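*Asks:* Using the sequences provided together with the hints, build the complete structure.
Protein chains: 6
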Amino acid sequence: MKDFFIADAAKFDNDTVTSYFALSSLSVREKKQGGQYLALTLTDKTGTMEARMWDEIADVLANCSEGCYVKVQGQISKYQGKFQITLQKMRNAAESEIDPADYLPATLFDVEEMWAELRGYVSQFTNHDLKRLVFAFLDDGAIASAYRTAPAAKRLHHAWLGGLLEHVVTLVRVCLATAPFYPEVNPDLLVTGAILHDIGKTRELHWKNSFGYTLEGQLIGHINIAQGMLLEKVKELSPFPEKLRVLVEHMILSHHGKYEFGSPKLPMTAEALLLNVLDDLEAKMQVLRNEFAAAEASGKSPGEMTEWVRSMDRPLLDSRSYLKDE
Amino acid sequence: MKDFFIADAAKFDNDTVTSYFALSSLSVREKKQGGQYLALTLTDKTGTMEARMWDEIADVLANCSEGCYVKVQGQISKYQGKFQITLQKMRNAAESEIDPADYLPATLFDVEEMWAELRGYVSQFTNHDLKRLVFAFLDDGAIASAYRTAPAAKRLHHAWLGGLLEHVVTLVRVCLATAPFYPEVNPDLLVTGAILHDIGKTRELHWKNSFGYTLEGQLIGHINIAQGMLLEKVKELSPFPEKLRVLVEHMILSHHGKYEFGSPKLPMTAEALLLNVLDDLEAKMQVLRNEFAAAEASGKSPGEMTEWVRSMDRPLLDSRSYLKDE
Amino acid sequence: MKDFFIADAAKFDNDTVTSYFALSSLSVREKKQGGQYLALTLTDKTGTMEARMWDEIADVLANCSEGCYVKVQGQISKYQGKFQITLQKMRNAAESEIDPADYLPATLFDVEEMWAELRGYVSQFTNHDLKRLVFAFLDDGAIASAYRTAPAAKRLHHAWLGGLLEHVVTLVRVCLATAPFYPEVNPDLLVTGAILHDIGKTRELHWKNSFGYTLEGQLIGHINIAQGMLLEKVKELSPFPEKLRVLVEHMILSHHGKYEFGSPKLPMTAEALLLNVLDDLEAKMQVLRNEFAAAEASGKSPGEMTEWVRSMDRPLLDSRSYLKDE
Amino acid sequence: MKDFFIADAAKFDNDTVTSYFALSSLSVREKKQGGQYLALTLTDKTGTMEARMWDEIADVLANCSEGCYVKVQGQISKYQGKFQITLQKMRNAAESEIDPADYLPATLFDVEEMWAELRGYVSQFTNHDLKRLVFAFLDDGAIASAYRTAPAAKRLHHAWLGGLLEHVVTLVRVCLATAPFYPEVNPDLLVTGAILHDIGKTRELHWKNSFGYTLEGQLIGHINIAQGMLLEKVKELSPFPEKLRVLVEHMILSHHGKYEFGSPKLPMTAEALLLNVLDDLEAKMQVLRNEFAAAEASGKSPGEMTEWVRSMDRPLLDSRSYLKDE
Amino acid sequence: MKDFFIADAAKFDNDTVTSYFALSSLSVREKKQGGQYLALTLTDKTGTMEARMWDEIADVLANCSEGCYVKVQGQISKYQGKFQITLQKMRNAAESEIDPADYLPATLFDVEEMWAELRGYVSQFTNHDLKRLVFAFLDDGAIASAYRTAPAAKRLHHAWLGGLLEHVVTLVRVCLATAPFYPEVNPDLLVTGAILHDIGKTRELHWKNSFGYTLEGQLIGHINIAQGMLLEKVKELSPFPEKLRVLVEHMILSHHGKYEFGSPKLPMTAEALLLNVLDDLEAKMQVLRNEFAAAEASGKSPGEMTEWVRSMDRPLLDSRSYLKDE
Amino acid sequence: MKDFFIADAAKFDNDTVTSYFALSSLSVREKKQGGQYLALTLTDKTGTMEARMWDEIADVLANCSEGCYVKVQGQISKYQGKFQITLQKMRNAAESEIDPADYLPATLFDVEEMWAELRGYVSQFTNHDLKRLVFAFLDDGAIASAYRTAPAAKRLHHAWLGGLLEHVVTLVRVCLATAPFYPEVNPDLLVTGAILHDIGKTRELHWKNSFGYTLEGQLIGHINIAQGMLLEKVKELSPFPEKLRVLVEHMILSHHGKYEFGSPKLPMTAEALLLNVLDDLEAKMQVLRNEFAAAEASGKSPGEMTEWVRSMDRPLLDSRSYLKDE
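Chains as they are written, first to last, in the UniProt record's numbering: chain A, 1 to 326; chain B, 1 to 326; chain C, 1 to 326; chain D, 1 to 326; chain E, 1 to 326; chain F, 1 to 326.
Simulated from the structure, these hints should not be mistaken for laboratory data.
Each hint should be verified, as a subset may be incorrect.
If chains are identical, the list can't say which one is meant, so a pair holds when it fits in one copy or spans any two.
Result set (DSSO-like, lysine-lysine): computed pairs, CA atoms no more than 30 Å apart in a straight line [as the list claims (entries may be wrong)]:
no. : residue 1 : residue 2
1   : K154      : K243
2   : K300      : K31
3   : K243      : K258
4   : K208      : K243
5   : K45       : K71
6   : K300      : K208
In this text the structure is predicted, and so the values were computed from the model without any measurement.
*Replies:* In structure tokens:
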């Protein structure tokens, strides 16, 4: 198992370490004195580190390639202010040696607790059909396993293992806090939508070694994958009220709120509208959180504007420094 | 059965006729001398006619309402240059008395011939799985029946019974003529897309008495209804090649070509792109055909521009009058 | 005082009544037999009624005009299914005879209770400066009086007397329910924004006889009027923390969320973003409520789609009829 | 004449070669030991190669500059995995030594054959005036020469010598295959539009050494250049039917289909609409072809999505790998 | 000749008049007592009046139709507050009896003076070629005649006879006032653009009986018609400097400033940019002038906002009433 | 005081100089032989120069940082065709040693003359209230001082000290030249708008060491800052005509002309419209001027197109080379 992490490199300056990494990039370069060497990038969930391998590279070239997990032995040193590692050995890692959770960023929250919280909300539904429907998903082993692991995005908000679940749990909480103010909104239906709206991400994204889109993800997309999953579960639960199926299906299809964001329908019910608004809010608030953290990490002082945030087309400001004194 | 049609009113001026109509509108008005009378609009596939009923309206009010089929007896006369009918009797028509085809406009082509032509194309597929798939739809009695009757739209292009089939047959012909110029395009896959892309319209629209949207049509839409129908058939045909399913599904989802036209995905394969372009072309050419006919009907001379065509944001011109002389 | 309301016309069929109305329209028409008569529209908070005055119209023409309050005497009768009134007398009403609340629709909630609730929230602020600031508005007699009476819009959402206060109170409640989920959000600042964001509507709109825009409202707009009101209050409270002033001012300016909706700045703080989202949600939910009521009033059955809703570019559906059975 | 091409460098590793190239870039750099050397880029139709010249650079600097053709002598060697050449000699090439076709990419099809095919279509026109018109262009020596050589674009689709002709010939074929399905379309007029629509590119672009825009190309554009060329030919053919001139002119002006693509008029005739749709289709299909080739060249496996394609705002997929097995 | 104008109807109440009009609409209606009568609309440059013809309508129906000039005799009377005329006689007017200027609104300025002013500006050009070019247009009898008569638009700004010339003269004045502040601008080139930019309107529009678009106007448009006229004149003046031709042509093509306004090129020179801005300003200021006049005519008081102005997507305010007191 | 400027480096090749600079960037790098050195960028109003400091860098690191002014001593030399400086000494400069005008680009016009010209225009106002209002700004010491120094932008047009004043003076001149052609325009009101419209830039931007946005600038923006400044001055001048205040306020708010450019209101008066158009023209003409200069500086020949100009989405052409010969 992996016991050295990249974030700890400073503690091992000039030491030789043996550990596992995901191999993010590999290129062959010419040595000035003739012959070839390898320039590599190694990754784990705590960061990224450059590596060089100067000798005996033939076996590596034959067996390792970008995207693999590797076991390496090498010496840590500092170059131009950054740590890198000079490798003596490198080989492919066996699947049994690897816990993918070591190589990808993951939620800071407890997955079991979040899962239990989510199930708790469903068990309190008064609408029997919706309760049957949502539990058909949560009790489906394959779906549940993916749901608890998937990130919520390739990048931007919640792009980490467990990110999907974390996003949904927060969203359900806000839904439950908001629904009482709108008598047009049925809380069971709203929460059903909140739990199922992004479930297609379990097939749109893959999180093996890195986060990326599947072929189905690119050609079909999570909205329509989720719709297909819903129809399949409804068929299994048959008979299921037709109109209720349409209402849930509509929430899934319309949850991006605009055609240009990939929703083929605009929200037309109170629940669909509220889900769209709160889902968008959740995502944007997470962007703010990430940007405030990034600004702090880059040395900005608390009361300064962040850099331009491309996804929101504006810079942001964390107002807390101006308010906390009182 | 219905033997008087509104288009023939001139032949019956001042005669009393007995016939069936769809009741498009009904309103109660005050007579100047006290009491009430009925102002009605009657419709069949050849047109629309105003009606008045001056006496004994109580039974009618109790039993008939807008959208029903009615049997009436009354006298034809001309008023302000238009024919209308003064009713002596009116009652609800029994379902057995009505052939809906008499009340809604219908394709001018032979449905059986078009259907046979379509099946003929599929029987020549070289791809076995796609052949299985399309026939699973065409051999499904309920689907086939609706497919052969449905209009292609509520208004605009092909808004008549059999319009969907007419649209698809023409589209398949153009697909087959065009595909050979593009080696990237698989003709079987393209024709599969052409036949299935609008199949959701059989549930998006209803054509009972008039053309309109179903609740599912408005909340889900024909693109996503078709996707659901595809997934159901694929499941029945299991095992079916996963990638092939994704390619067909992608064509359905992307056939409107733009997010703002309700497609949740843009066309990413050669077949999806070609289907989108030719489907759009077919619809626009039909708009031209309709507008040229409407201009002629309104008394425009052959070489004149049409009125402004809202759906295309421009006026149109039928160039034929300037070309036919040679 | 007014004791006959238009909604009660049926109870007075063929009776002569004496009452006050707002005169919405007045036109002079030619009698067939020569001479002139008046065609009028009378309005009160319960509806609108046509009126005719056949004789002795010279005094009326000299003294009354559209937009005035009038006192009339006349006889109620039914014409083409609607009640109208044939006037014997009509004169301008004195200001002392009129309670404007009788002529414009008004909130169904208790203004005093809402006002007390709003003040209660402010009194619990922990931020002393924000508390000082908001109370400077709420304790300003002229502002408070307008705030408690103003509609929130000329038409669309909350277009009635007290609508502004009703809108704000609901918004504050949702703000307080939502804020705890976002540690980046300071609740006092958020509620300050919620209370002040639309305060410019007290000068953008007028609600004398009817709802409309003031000249300042059209040329400056409520966003910038509010900004001016804020700067004036801040000056009175001097010294007031400069940064805090900028944060509040920013919330006011950005609360429409997009340039094309008239906000000269996009929300850049967590509070501004949340205020924008919840304010928009509140307005949209009110549109749904109005449309559901309008659909019911027009005779739609509970599970039907509403007509096309122009301001949202879609039809809507009240989902409750499909959910209430369980 | 040129007998060494860059694509063959591997066969000449460590040899000294003498050949001609287009000089794409030239910069003077400081040697570490003092003095200057030249860093150059050499180009021919098969690719691009870096070059260095260490000594006797004064003559070169005085006589050669970017964009010229040069004759060089130098030794091929490999550096960081790529071939480059160390020059002993370099001088300007005389015009007589250069066949521009060696330096720019060119169509893979036979220009004479395509030209004959195009003329064949025109000779079968039944409309005498359109036949006269198109031959007036094709028989004009200067225009014909440019038409057979011009690329269809600076970059993107058909950006190679003969690309314009290749694009037009394919487009005419598809036009002729499609026209029979639309009785509103006159095939002679359609093909006239297909042959003339891009003829302005012969003056919008230049293809001397590299592909680029002329001043007239940037300020006027190929659409309006073509319009001017049409008016000139029509004048020469006088008398020519006025209305027919307007119909052809309209096709040229509207062939981009949208204002934002530089068409000052939207297509209003059946021929203009069909030309616009098929021209756009041809260009997009060529983009797919290029992108599939580029993906393969970059080492993607057949069933993978391409990279993001900027001009189409999406990634693409070559579906053939999933279909060819059957 | 015409000596009664519609604007003078009040002076002829109950009199019988004989005069000429343009026949804007004609419809046949059923008399209640049987038989038919004519409902007509008559127009001259001062307005529009309803007419009725009760007897002897057969000759009229055989000879007159919408769009013709007619001579009528009839009696003026007032009906529902408006004047109308009851006709005894009506016949087609001979061309010799009609001065079109009596039937269409016309400029209030002196055409000869404006024309002389325009020629005066050109005679002071220091650039000989531009002087030759512009005079080639102004000295062309057919063009000059149309230029002095054409309206500048079908509706909106300067929609009256002579409107084009009026628009151009004002524009040239502003150009000459503004050019000195921008040394990048050549005044002769700018004025050349101002005089020629809209010259295509002489063929885009027709002004026979009413204002409308020609077929060439709709399919080609005034921008591209003007370009064709320029190329023809340049050919006549040959040799003419090629680059200068391109600069003038560019100004014509780009003067609408945006693709979506029908300009196929954006302004890229200082003169093209300035021409676009000032042309747009002139048109907008004329809209303001029209709207202020319309508001006054409709009874608005001087300091009130106008109604919503659709072409500018806002209401307008004439500020003068708030400024003139001092 | 600063007596060496970067633009003069060539005259000091290999000399040791002592001077002051703004420190634009500072980074610490590893020497190959161990230890660290500094890579720096120094700036003054004439340009930018790279610097290296090899020894005794500890004091510098402790005291200097990016954005500071520094005093340095070092030797000029040429490296890869550019001058750089090898530092022996560097320390923070005292504020008294620095004239910021030496470090930021500045207007080439005389500030005193421009200021006097501006005041001259105001002194000729016939509207007493507007004269009072504008002088209240120009006579306010703090505002006047900032007004005379501020740039008009961070980058793009007039991005230099005094740029705001330069922009406004030119704008006022064009306003005064144009206003006489539009009787709807009050010249005093127009010039008031021209002088005050951008006055918020004195607080939106800062110009200390470099040009940038203030926090208030980003959260509020110069349009709304100016509005606040106006309301404050109006209050000081009380009583001031309310309507006049609204008209001036409206000009400030609407001067960007479109919502998406940050104006919360569209121009609704003749003065607001003219100000918007001429302000935009001024800015664009300045962009042309800058781009023509940049093209010349980069070695383009006079008649060539510039590179693509991003802010205008097109390339530009200086037409003068084609016109000056005559």
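*Asks:* Against the structure, test the hints numbered earlier, and report the numbers of the ones violated in rising order.
*Replies:* Result: no hint breaks.
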